[in-house]
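**Student:** Chains B, G and W supply the protein sequences, listed in that same order. If you use the working numbering, the first sequence corresponds to residues 1 to 177, in order. If you use the working numbering, the second sequence corresponds to residues 1 to 239, in order. If you use the working numbering, the third sequence corresponds to residues 1 to 546, in order.
Derived from the structure by calculation, the hints contain no laboratory data. Yeah, the Cβ is synthetic: ideal placement off N, Cα and C, and Gly gets one too. Be aware that a few hints might be false.
[Unchecked claim] Below, simulated EDC-like cross-link-like pairs (lysine to aspartate or glutamate); rule was C-alpha separation at most 16 Å, straight line:
{"#": "1", "chain 1": "B", "residue 1": "3", "chain 2": "B", "residue 2": "53"}
{"#": "2", "chain 1": "G", "residue 1": "135", "chain 2": "B", "residue 2": "129"}
{"#": "3", "chain 1": "W", "residue 1": "118", "chain 2": "W", "residue 2": "382"}
{"#": "4", "chain 1": "G", "residue 1": "90", "chain 2": "G", "residue 2": "114"}
{"#": "5", "chain 1": "W", "residue 1": "299", "chain 2": "G", "residue 2": "74"}
{"#": "6", "chain 1": "G", "residue 1": "90", "chain 2": "W", "residue 2": "92"}
{"#": "7", "chain 1": "G", "residue 1": "63", "chain 2": "W", "residue 2": "495"}
{"#": "8", "chain 1": "W", "residue 1": "46", "chain 2": "W", "residue 2": "92"}
{"#": "9", "chain 1": "W", "residue 1": "422", "chain 2": "W", "residue 2": "409"}
{"#": "10", "chain 1": "B", "residue 1": "78", "chain 2": "B", "residue 2": "129"}
{"#": "11", "chain 1": "G", "residue 1": "59", "chain 2": "G", "residue 2": "74"}
{"#": "12", "chain 1": "W", "residue 1": "525", "chain 2": "W", "residue 2": "409"}
{"#": "13", "chain 1": "B", "residue 1": "78", "chain 2": "B", "residue 2": "106"}
{"#": "14", "chain 1": "B", "residue 1": "69", "chain 2": "B", "residue 2": "111"}
{"#": "15", "chain 1": "W", "residue 1": "299", "chain 2": "G", "residue 2": "172"}
{"#": "16", "chain 1": "B", "residue 1": "126", "chain 2": "B", "residue 2": "64"}
{"#": "17", "chain 1": "G", "residue 1": "90", "chain 2": "W", "residue 2": "492"}
{"#": "18", "chain 1": "W", "residue 1": "46", "chain 2": "W", "residue 2": "13"}
[Claimed, not checked] With beta-carbon atoms standing in for the labels, derived distance ranges:
{"#": "19", "chain 1": "B", "residue 1": "163", "chain 2": "G", "residue 2": "5", "range": "27 to 33 Å"}
{"#": "20", "chain 1": "B", "residue 1": "122", "chain 2": "G", "residue 2": "188", "range": "25 to 31 Å"}
{"#": "21", "chain 1": "B", "residue 1": "68", "chain 2": "W", "residue 2": "522", "range": "32 to 38 Å"}
{"#": "22", "chain 1": "W", "residue 1": "19", "chain 2": "G", "residue 2": "186", "range": "56 to 62 Å"}
{"#": "23", "chain 1": "B", "residue 1": "168", "chain 2": "G", "residue 2": "16", "range": "31 to 37 Å"}
{"#": "24", "chain 1": "G", "residue 1": "195", "chain 2": "W", "residue 2": "317", "range": "50 to 56 Å"}
{"#": "25", "chain 1": "G", "residue 1": "106", "chain 2": "W", "residue 2": "300", "range": "50 to 56 Å"}
{"#": "26", "chain 1": "B", "residue 1": "152", "chain 2": "G", "residue 2": "106", "range": "35 to 41 Å"}
{"#": "27", "chain 1": "G", "residue 1": "216", "chain 2": "W", "residue 2": "189", "range": "47 to 53 Å"}
{"#": "28", "chain 1": "B", "residue 1": "152", "chain 2": "G", "residue 2": "143", "range": "28 to 34 Å"}
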Amino acid sequence: MSKLRLATVWLDGCSGCHMSFLDIDDALITLLERVDLVYSPLVDTKVFPEEVDITLVEGAVSSEEDLRKIRMVREHSKILVSLGDCAVTANVPSMRNPFGVTAVCERAYRENVKLDPGIPDQVVPKLLDRVRPIHEVVPVDVFVPGCPPSASVIQYVLMELIDGRRPELSTRTRFGA
Amino acid sequence: MSPVSNIKTLKIDGKDFSARQDETILEVARQNKIFIPTLCDLRGLSTVGACRMCLVEIKGTAKLLPACVTRVEEGMEVTTTSERLDRYRKSILELLFTERNHICSVCVSNAHCELQSLAQRLQITHVHFPYRYPKAQVDGSHPRFVIDQNRCILCTRCVRVCEEIEGAHTWDVMGRGIDANVITDLNQPWGSSETCTGCGKCVHVCPTGALFEKGRSVAEMLKRRNFLPYLTLMREERD
Amino acid sequence: MTPEELEQIAEEERGTQAQFLHRVNVCLAAGCISCQSQSVKDAFDKEIANRGWQRKCQSKGVGCMGLCAEGPLVSTAQGALYQHVTAADAGEILDALDSEPVSRLVCRTDVPFFQRQKKIVLENSGLVDPERIEEYVGSSGYGALMRVLTEMTPPEVVQEVVKSGLRGRGGAGYPTGLKWSTVAKAAGQHKYIICNADEGDPGAFMDRSVLESDPHRVLEGMLIAAFAVGASEGYIYVRAEYPLAIKRLRTAIRQAERLGLLGSSICGTRFSFHVDLRLGAGAFVCGEETALIASVEGKRGTPRPRPPYPAQQGLFGEPTLINNVETYANIAPIIRHGGEWYSQIGTEKSKGTKVFALAGRVLNTGLVEVPMGISLRDIVFEIGGGIPEGRCFKAVQTGGPSGGCLPAEFLDMPVDYESLAKAGSIMGSGGMIVMDETSCMVDVAKYFMDFCMTESCGKCVPCRVGTYQMNELLARITERTATPPDLAMLEELCDLLRNTSLCGLGQSAPNPVMSTLRYFADEYKAHVEEKRCPAGVCGNQAEEAS
């Protein structure tokens with residue numbers, strides 16, 4: 001049996017979900033017997049592969065770069081998993097939404113900056129007006145709330161998906177868990 | 001003919017129960033460990049039927065009725081769970097999540113929140129309606145308590161406990177529809193309220209982290225509500 | 001006051017009226033006043049005085065004559081109706097009283113607008129001076145009350161109303177007689193009567209017109225109701241935006257009290273009834289009976305779950321009868337002519353007549369009273385005179401924000417409670433807005449949803465947040481940025497609000513959306529899939545194309 005192809009993507013989040021993923025510890029070894037980790041911030045691949053079976057996405061959609069990336073990821077992934085509250089609800093990144101992107105940039109790049117204040121317009125991806133959860137932008141197959149979802153939940157989700165089952169999550173995790 | 005009995009028999013989810021005629025469907029369900037989700041309801045306070053979580057189906061009635069205010073009737077056949085009710089309850093709860101800014105992960109009531117736990121119980125793993133992201137106020141002017149409107153679901157428990165139990169009527173609702181808010185006095189800062197006794201009952205009946213004690217960090221705000229049935233009982237006995 | 005004394009007042013009034021050889025009635029209801037009919041009335045008074053005709057010709061301010069679009073309207077005892085009258089026309093009209101009417105001002109009355117109407121509620125409108133109780137008495141006013149007090153028992157009165165088949169004219173169409181008998185049978189020392197005059201549907205002005213044109217008719221209806229159910233106190237909840245109606249009601253109450261028709265021991269019987277006004281501060285939801293009651297009690301105007309119904313537990317916790325203005329306005333004629341007579345008008349399940357405020361893209365806008373069961377086509381094309389500027393009929397909206405839009409295929413449908421409901425609209429309080437091809441139905445739906453969102457009280461979650469979400473979705477559709485899943489979500493929310501909202505406002509808020517989705521699905525499709533507005537209403541398409 002050929003191994004499934006697994007990818008993980010990091011959008012606007014704190015990387016806590018990836019840390020939690022790493023927290024499955026020795027189970028990583030068991031996991032890697034079943035899957036190939038073909039793309040991830042944890043591995044050194046620069047280009048998202050053509051075909052991926054399962055993609056875990058951490059983080060909300062905050063910038064034009066996030067938007068471009070998630071659309072591309074969706075296109076090349078069979079199962080897209082919204083991993084963690086930022087991906088599922090937009091969570092902490094969305095706390096800027098009530099204030100508007102201009103006010104937030106002013107505060108971050110001018111008001112609180114002494115050395116060479118100014119809003120960057122190069123290199124840094126342009127922020128969207130609103131931070132949005134992933135499913136508001138592309139269809140999502142599995143939602144795993146939690147901030148972050150625990151290692152055991154991530155392990156459970158992956159093993160269920162690998163075995164071709166739909167993970168039952170409501171008893172295992174929740175918003176803010 | 002036997003005289004009109006004040007004990008009614010009814011069916012809930014196919015099982016027979018008896019109840020006093022002044023009892024509501026919700027009360028009977030709770031006595032018999034049948035779960036009906038609620039948010040605005042709190043034992044010891046008046047009922048308002050506002051959150052619509054406790055809607056149930058009643059045979060022979062086209063409309064769904066709120067279990068918290070609907071009194072039992074002889075021969076009533078109540079259904080508390082169905083695919084349809086489940087769908088409506090989830091949608092209503094999701095609407096609440098979209099209405100203001102509920103960021104569980106940084107909330108004082110994380111893991112002790114009725115909105116959060118109900119979402120889990122109803123198996124909500126995401127919200128399919130678009131979020132509103134309104135700009136909501138936080139009033140920390142009171143020396144001991146804070147109201148964070150971002151987390152308010154307008155259940156009006158604070159309004160009711162303040163009027164009905166404490167007797168101060170510091171809280172009320174201002175504005176209509178989506179612009180409605182709970183306010184202290186005539187929308188003055190809580191800290192400058194002349195009517196607030198600082199009893200903190202509102203804080204403890206609040207189902208979410210909208211009302212909390214100062215100095216509590218994430219997940220640290222535990223609400224104590226045991227006082228409520230005792231107070232109600234004592235008031236009733238005195239009357 | 002005895003029946004004899006009342007008859008004497010009537011005789012005297014009729015005698016006074018008969019002394020005049022000529023009479024000029026100037027409409028002084030809000031519609032005509034807003035186009036300066038008061039100055040027309042003043043001009044007639046002055047001209048009559050100048051000519052020394054004070055004993056020969058009476059100039060009288062009266063209520064609504066119906067054809068509001070052509071105001072100011074003036075009628076004469078010789079039977080002429082004049083439209084667009086200005087103060088400068090007074091002399092010419094007076095000159096013509098003994099000869100042919102002034103042709104350039106004549107408004108023809110041999111047309112369907114006047115001929116096809118049947119006036120019961122509006123029988124005095126445009127004929128009596130609403131500020132003089134004597135005129136109302138002179139046209140059989142308070143005769144029904146007299147009869148009830150001297151010849152009938154309360155159950156007999158209720159029975160007469162039951163027999164008439166009258167149904168609530170506020171919108172829901174609950175059988176009035178049944179409501180009355182429930183309140184009559186309800187246990188309680190103190191009972192209340194409430195008149196709901198919080199008319200809030202956009203484009204509806206039936207109740208305002210009745211109150212401005214014939215306020216005593218409503219008082220008489222309330223008095224009879226109070227006698228029938230055993231109430232001694234009543235409130236008229238009228239919106240503060242109706243200053244003229246309020247003024248005339250206040251005058252009417254004072255006059256009725258002075259004649260002993262209102263107050264303690266009415267007409268020497270043990271029956272007492274006091275009535276007071278409560279002014280609504282501009283909340284649509286206060287038209288919902290439990291919200292209205294809360295507002296009368298001085299509380300925030302929010303609805304509460306029913307049961308208990310107001311008939312059992314209403315104002316201040318007491319049994320309360322709450323009816324709409326038009327419902328009360330039907331009572332006196334029913335008592336005068338009998339329930340049997342009333343039940344012969346209209347259809348099997350919808351008896352009597354209904355007043356409609358005809359507005360929108362129709363030639364004759366104004367107030368009409370028609371027998372139930374008349375077709376929409378007759379109202380729009382016969383009475384309303386059809387669509388102006390040679391345009392095509394597209395839809396008629398009935399029932400305001402709680403109603404629906406009906407397309408041409410329903411034009412031959414009889415106007416009654418059941419047919420309208422079956423077609424996805426409601427009778428409502430009587431607003432009727434006609435639309436032609438220049439209206440975008442999605443835009444119309446959005447207008448009503450915006451109204452419901454703004455008017456939601458915010459108490460229950462589905463209405464408070466649901467109307468907001470629906471309004472946002474409709475905004476996206478009209479901006480043509482919506483996707484097919486947005487349409488599905490809109491339908492999902494329609495179902496949710498309808499079934500889970502606390503009161504009628506939220507439950508019926510989806511109606512304009514559902515009816516347009518049902519009958520004008522292609523317009524939604526055009527906005528969502530083809531990104532265009534067929535009526536050319538939504539946004540600037542030329543701008544987008546460039």
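**Student:** Each hint: holds or not?
**Tutor:** Results for each hint:
1. B:3 to B:53: holds (10 Å)
2. G:135 to B:129: holds (15 Å)
3. W:118 to W:382: Distance ~14 Å between residue 118 of chain W and residue 382 of chain W Cα, so the pair holds.
4. G:90 to G:114: holds (14 Å)
5. W:299 to G:74: violated (34 Å)
6. G:90 to W:92: violated (72 Å)
7. G:63 to W:495: holds (12 Å)
8. W:46 to W:92: Holds, at roughly 13 Å.
9. W:422 to W:409: This hinted pair holds, its Cα atoms lying about 14 Å apart.
10. B:78 to B:129: violated (29 Å)
11. G:59 to G:74: holds (12 Å)
12. W:525 to W:409: Violated: residue 525 of chain W and residue 409 of chain W sit about 20 Å apart, past 16 Å.
13. B:78 to B:106: Given that 16 Å is the threshold and the Cα spacing comes to 40 Å, the pair is violated.
14. B:69 to B:111: violated (31 Å)
15. W:299 to G:172: Status holds; Cα separation ~11 Å.
16. B:126 to B:64: holds (6 Å)
17. G:90 to W:492: The hint holds at about 12 Å.
18. W:46 to W:13: Cα-Cα ~23 Å, so violated.
19. B:163 to G:5: 27 to 33 Å: With a Cβ separation near 57 Å, residue 163 of chain B and residue 5 of chain G fall outside 27 to 33 Å, so the hint is violated.
20. B:122 to G:188: 25 to 31 Å: violated (48 Å)
21. B:68 to W:522: 32 to 38 Å: Holds, since residue 68 of chain B and residue 522 of chain W (Cβ atoms, about 35 Å apart) stay within the stated range.
22. W:19 to G:186: 56 to 62 Å: holds (60 Å)
23. B:168 to G:16: 31 to 37 Å: Given range 31 to 37 Å: holds, Cβ gap about 33 Å.
24. G:195 to W:317: 50 to 56 Å: Cβ of residue 195 of chain G to Cβ of residue 317 of chain W: about 26 Å, so the range 50 to 56 Å is violated.
25. G:106 to W:300: 50 to 56 Å: violated (33 Å)
26. B:152 to G:106: 35 to 41 Å: Violated, since residue 152 of chain B and residue 106 of chain G (Cβ atoms, about 23 Å apart) do not stay within the stated range.
27. G:216 to W:189: 47 to 53 Å: holds (52 Å)
28. B:152 to G:143: 28 to 34 Å: Cβ of residue 152 of chain B to Cβ of residue 143 of chain G: about 43 Å, so the range 28 to 34 Å is violated.
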